[in-house]
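Those protein sequences? They're chains A and B, same order as listed. Residue numbers for the first sequence, in the working numbering: 1 to 115. Residue numbers for the second sequence, in the working numbering: 1 to 111.
Among the hints, a few may not be true.
Each computed DSS-like pair below joins lysine-lysine, with the alpha-carbon atoms no more than 30 Å apart [to be verified]:
1. A:K78 to B:K98
2. A:K11 to B:K98
3. A:K78 to A:K62
4. A:K62 to B:K98
Keep in mind the hints are simulated off the structure, nothing from the lab.
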Amino acid sequence: DARVTQTPRDKVTEMGQEVTMRCQPILGHNTVFWYRQTMMQGLELLAYFRNRAPLDDSGMPKDRFSAEMPDATLATLKIQPSEPRDSAVYFCASGPGTQGVDTQYFGPGTRLTVL
Amino acid sequence: GDSVTQMEGPVTLSEEAFLTINCTYTATGYPSLFWYVQYPGEGLQLLLKATKADDKGSNKGFEATYRKETTSFHLEKGSVQVSDSAVYFCALSDPTDKLIFGTGTRLQVFP
């Protein structure tokens with residue numbers, strides 16, 4: 001049963017520290033998405049990739065957030081420096097890239113707490 | 001731009017009651033429509049989907065019909081269980097594979 005995996009599952013850090021979250025998409029999927037979920041804002045799309053190329057990162061604060069796909073099996077989301085307002089659950093999702101009819105498969109999320 | 005509107009929650013029901021969660025959408029093209037479910041502490045899971053007008057998606061007793069004339073995709077279940085308690089998200093796919101999500105509706109089912 002193929003699944004999206006994310007590490008770490010939980011992260012507590014102090015303001016100003018660098019945070020790196022990792023995602024392994026389902027093998028063969030060529031779209032990858034990063035979302036942030038908070039009580040106040042709900043589910044927000046931060047960035048997404050097709051065939052490892054970033055297509056849209058307009059939802060991401062550019063000054064502190066960066067998203068990359070070093071290879072087809074790894075996507076990373078980095079926050080430097082982190083701030084308390086970044087506390088949220090961050091989800092990665094992947095999809096097969098069938099335009100317009102895609103199902104996205106979500107990972108379990110990384111719960112980030114910035115003190 | 002494309003958007004999804006869901007009914008506000010929480011929806012509170014007794015076990016075996018009938019469930020409806022309303023969802024309407026605005027889209028310039030012909031999107032696919034989805035319902036995702038999020039159980040406490042987990043990521044979102046696809047519940048059902050429909051890819052064209054008049055299609056009915058169904059899974060685990062849940063159903064939703066793609067109504068182009070009313071731009072709606074309401075979620076229904078005839079008899080809910082306590083285990084159905086979760087947050088339900090309606091979504092549409094835009095032509096670039098992005099999903100546009102509604103704000104989510106929390107369902108609480110009591111024995």
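Here's how the hints hold up against the structure:
1. A:K78 to B:K98: With a Cα-Cα distance of about 21 Å, the restraint between K78 of chain A and K98 of chain B holds, given a limit of 30 Å.
2. A:K11 to B:K98: holds, 27 Å
3. A:K78 to A:K62: Cα-Cα ~11 Å, so holds.
4. A:K62 to B:K98: holds, 20 Å
Comparing the model with each numbered hint stated earlier shows that all of them hold.
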